[in-house]
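Undergrad: If you read the protein sequences in the order shown, they are chains G, P, E, H, D, L, Y, A, V and C.
Anchor point for the first sequence: position 16 equals 16 in our numbering, and the numbering is continuous, going up by one each time.
Just add 112 to wherever you are in the second sequence, counting from 1, and you've got our numbering.
Just add 224 to wherever you are in the third sequence, counting from 1, and you've got our numbering.
Just add 336 to wherever you are in the fourth sequence, counting from 1, and you've got our numbering.
Just add 448 to wherever you are in the fifth sequence, counting from 1, and you've got our numbering.
Just add 560 to wherever you are in the sixth sequence, counting from 1, and you've got our numbering.
Just add 672 to wherever you are in the seventh sequence, counting from 1, and you've got our numbering.
Just add 784 to wherever you are in the eighth sequence, counting from 1, and you've got our numbering.
Just add 896 to wherever you are in the ninth sequence, counting from 1, and you've got our numbering.
Just add 1008 to wherever you are in the tenth sequence, counting from 1, and you've got our numbering.
Read the hints as simulated data drawn from the structure, not as lab findings.
It is possible that some hints are incorrect.
[What the hints assert, rightly or not] If you only want the chain Y side, here are some residues facing chain L, beta carbon under 7 angstroms, derived:
hint: 1; residue: K681
hint: 2; residue: R682
hint: 3; residue: M687
hint: 4; residue: V691
hint: 5; residue: S725
[Stated by the list, open to error] Below, a list of computed lysine-lysine pairs in the BS3-like style, where the Cα atoms sit at most 27 angstroms apart:
hint: 6; chain 1: H; residue 1: K349; chain 2: E; residue 2: K334
hint: 7; chain 1: G; residue 1: K55; chain 2: H; residue 2: K388
hint: 8; chain 1: C; residue 1: K1021; chain 2: C; residue 2: K1063
Think of the CB as a built atom: it goes at the ideal place given N, C-alpha and C, for glycine as much as any other residue.
So you can see what is in the structure, the chains are spelled out below.
Number of protein chains: 10
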Amino acid sequence: MLETFPNPKRERKYMITHVNPEFTSLCPKTGLPDFGTITVKYVPGKLCLELKSLKYYFIEFRNKGIFYESVTNQILDDLVAACEPLEMEIIGEWTTRGGMHSIIRAEFRKDK
Amino acid sequence: MLETFPNPKRERKYMITHVNPEFTSLCPKTGLPDFGTITVKYVPGKLCLELKSLKYYFIEFRNKGIFYESVTNQILDDLVAACEPLEMEIIGEWTTRGGMHSIIRAEFRKDK
Amino acid sequence: MLETFPNPKRERKYMITHVNPEFTSLCPKTGLPDFGTITVKYVPGKLCLELKSLKYYFIEFRNKGIFYESVTNQILDDLVAACEPLEMEIIGEWTTRGGMHSIIRAEFRKDK
Amino acid sequence: MLETFPNPKRERKYMITHVNPEFTSLCPKTGLPDFGTITVKYVPGKLCLELKSLKYYFIEFRNKGIFYESVTNQILDDLVAACEPLEMEIIGEWTTRGGMHSIIRAEFRKDK
Amino acid sequence: MLETFPNPKRERKYMITHVNPEFTSLCPKTGLPDFGTITVKYVPGKLCLELKSLKYYFIEFRNKGIFYESVTNQILDDLVAACEPLEMEIIGEWTTRGGMHSIIRAEFRKDK
Amino acid sequence: MLETFPNPKRERKYMITHVNPEFTSLCPKTGLPDFGTITVKYVPGKLCLELKSLKYYFIEFRNKGIFYESVTNQILDDLVAACEPLEMEIIGEWTTRGGMHSIIRAEFRKDK
Amino acid sequence: MLETFPNPKRERKYMITHVNPEFTSLCPKTGLPDFGTITVKYVPGKLCLELKSLKYYFIEFRNKGIFYESVTNQILDDLVAACEPLEMEIIGEWTTRGGMHSIIRAEFRKDK
Amino acid sequence: MLETFPNPKRERKYMITHVNPEFTSLCPKTGLPDFGTITVKYVPGKLCLELKSLKYYFIEFRNKGIFYESVTNQILDDLVAACEPLEMEIIGEWTTRGGMHSIIRAEFRKDK
Amino acid sequence: MLETFPNPKRERKYMITHVNPEFTSLCPKTGLPDFGTITVKYVPGKLCLELKSLKYYFIEFRNKGIFYESVTNQILDDLVAACEPLEMEIIGEWTTRGGMHSIIRAEFRKDK
Amino acid sequence: MLETFPNPKRERKYMITHVNPEFTSLCPKTGLPDFGTITVKYVPGKLCLELKSLKYYFIEFRNKGIFYESVTNQILDDLVAACEPLEMEIIGEWTTRGGMHSIIRAEFRKDK
């Protein structure tokens, strides 16, 4: 589902950031909705992520049961597979549940 | 009391942060309540901290007399023992007492 | 338990506000702690609320099970009984539970 | 589905506010998710809104197609029917779409 | 160009607000771009403003030379003509030019 | 020096606000510079204040010795004389001197 | 000690505000320092408060033991006596002590 | 079109930053306007960018269709060509579209 | 006067911060009060600073004439002597005087 | 004109910062006033900058025509000459002109 387009400036390493403050999924235990902000930062290789398909990709989580720790790692795996970046970082910041809020941050580097 | 679950992405080093702005304990001298925000940041090893048991763990301090410096160090010791992380940092930020406020920050690294 | 002292300027109507951002009580259903900010605004009559005894009065709720709507109304009843103000307003602002936060506001006027 | 409980202080007019920053529904034209904050302010009559059932009531909109103007008015109608308040105000504040954001505010008063 | 749709709750007076922080027009003297935020607040009569056509209406100003004072008044005239509201208020807030920034606010009420 | 132009919408009462955060004059006692923000709010009659000449008018104070209380009143007198508004309000907000900061606010209404 | 100067615009009612965020006095019980912000708002009659003498007046409280409620009322009495304003309001906002902070607000109007 | 002037302090490496929060271009797909803030940071070599011509350079994008990723890279290429800096960084921060906002950051260093 | 207590976790290097926003001393030239925020950050060795005695230590400066540069250095010397930390940093942030505000920051490291 | 005094703690490297948000000079092209915040950070050698003479030094620019890039560099040259610091950094942050604002930052280090 994730679409890409050719990086318009492949000879230069530069950083692209997309911030989605409207991410929502379901808690697999309770079935209740979770809400968070997902930030995608990457240095493109041959391909860039197409913004509209990225939006639809995020909407796919809307009625899916998945834990905080797994969401961030799965998004990193999926986006790395889709566009083969030189570097990528995913940050998931979740709203308060039970008086606490959580942040999960995971990174990929091609040369590691 | 602290429960854990298997790290869903053990092959990747990533950072988990839980922020609890509703921590309260008692001052061992006066018996009066102290209030603070406890932040837990860690890179999981084999295990992740289960969020609900972490909440109940923090509630255990509610009627316990303990000094600022000791709370932060004890939480670090307890959470390291519970989930054996690769790295962990605990930050305790306390509300104003006598016109001053205090922050205590302690770190653990497995290889040290 | 609530102590008072004589209003030092009884011939003038003026407004006193005390803000307590460290209020905590227990949910009567779950036994879990609730946290909130209680604001007391009043126009004193013959008596002013003594600040230290007000603090101890609030601490009495620490291990008491009571609903949001009832806390605000009980504090208003107790403080009106203690100092017989010309006007008083109590505002309880509660932290997020289940993704929502709540505010309860109640007023007393002597001539009503 | 909306549950109520008896107003614990019926002889006093006081104001209850619940703020839900995690409201989401679907755009009936595009099927894409909308996100907003719904604020409920009311002066209770005989009944108060039970907070947990209010939360489940809001979740019912998650996969429902409905326009901004209609959401606010429907919530006002439903909540007035459920608890027969003396006064009620509903405010829906929506996130940016097409570079603009919108706020819809509707009120009910028993004596009007 | 401005489209409308029937007010879904005509029997109730309620307030709709649309905020456009991406308004731009040209200064008629210098031809240089001006930037501002246009806020539309109205109580609908029989008709509501359709959001997408409102957006296109604002874009029409992009390459048009017009003064601050005139923009606000023209938008008020155009939107009143399009949807015949019971009340409407337009606020134009302009970015800094020559070290000063300006706000223009105009109102319409049907019964005046 | 103050220039005006004909009010483009004389049949409607509306409010124009200009904010100048770059006002400076001299203290008549010490000769040292004072800095402040001058806000002009008015309902135009037949005439509007031309923005560029208003800017030059403010610059005239740059090397003039004048007290806080007098600046605000003089600006009100000068601008009322220049454009004969229906209402006008001038607010002068001054930066900290000797640990205190000051605000002077004066109003004119035609019918008073 | 408080000095005044003739109101430069006596024929107009206007508002002067002085804000002192560096007020400090002593608690008469404990001898420990209190800190607060004192705001003076007034409509001058024949006289204005001279700013430097106002500063020295505030410094007189530095080593004086006095309660929150009394400070605000005494400052109002002293400043009214010194400059005979048409209206005056004093607001004292105090820093946190024992987890609570307080605001005292008192007003004078000549015709009351 | 971009003008330059001789660096007035060539023997010292120092950093110049210009921030333009009023950048606008068109989406090449939809023809609809995009809005963003462009930040230019550079260490000048022999030449500095003349500010007024930089402003006109940015205005040239107003009615041009160009993607986010390309704008940032093209501005970097154009400005490097115009003033041959020792280092330059361009940051484009775009307003919300489809619930997400984006940031593109690209760098140039002479010795690379 | 400064009291200490044994570091409860000597085997771990951790950071303690105390922030005092209520520091005041006198200007040695004019005798007028200065106000500032003093921040103490340190890594304890065998001893921790006792908070109440630290508060009384700061109050000792209340009626003492001392320059900004000297206060920060003297506090660093005194606190290092009292508790022999591994590292310590003192930051003094002063309120506006003559339109400028100042920050003084000094550090101690045992091994230097 | 710039005065200095002997560094009271010469054996320790520490950082002094003075922030002047009330800097103003003239644009050499148009003669119109520019406004900015000048920050001076330095590690003193044998001498410290006397604060009052620094204030008068800044006031000297009030009616002087000088470009942004030159102001920052000239202040750095003058202050280095006056007090021979170990390190010094000057930051000039300018208010919006033509929709853009600018920051110029220059550094000196003795050993370079």
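Undergrad: If a hint holds in the structure, say so; if it doesn't, say that too.
TA: Do the hints match the structure? See the list:
For Y/K681, the interface hint holds, the least distance from its beta-carbon to any beta-carbon of chain L being 4 angstroms, beneath 7 angstroms. Contact between Y/R682 and chain L, as hinted, is not supported at the beta carbon level, the nearest pair being about 10 angstroms apart and thus beyond 7 angstroms. For Y/M687, the interface hint holds, the least distance from its beta-carbon to any beta-carbon of chain L being 5 angstroms, beneath 7 angstroms. Because the beta carbon of Y/V691 sits about 5 angstroms from the nearest beta carbon in chain L, less than 7 angstroms, this interface hint is met.
For Y/S725, the suggested interface contact is broken, since its CB lies about 11 angstroms from the closest CB of chain L, more than 7 angstroms. Restraint check for H/K349 and E/K334: the C-alpha separation of about 15 angstroms stays at or below 27 angstroms, so the hint holds. For a cut-off of 27 angstroms, the pair hint linking G/K55 to H/K388 is broken: about 31 angstroms separates their Cα positions. Between C/K1021 and C/K1063 the alpha-carbon distance is near 24 angstroms, which keeps this suggested pair within the 27 angstroms criterion.
The structure does not agree with the numbered hints 2, 5, 7 stated previously, though it agrees with the rest.
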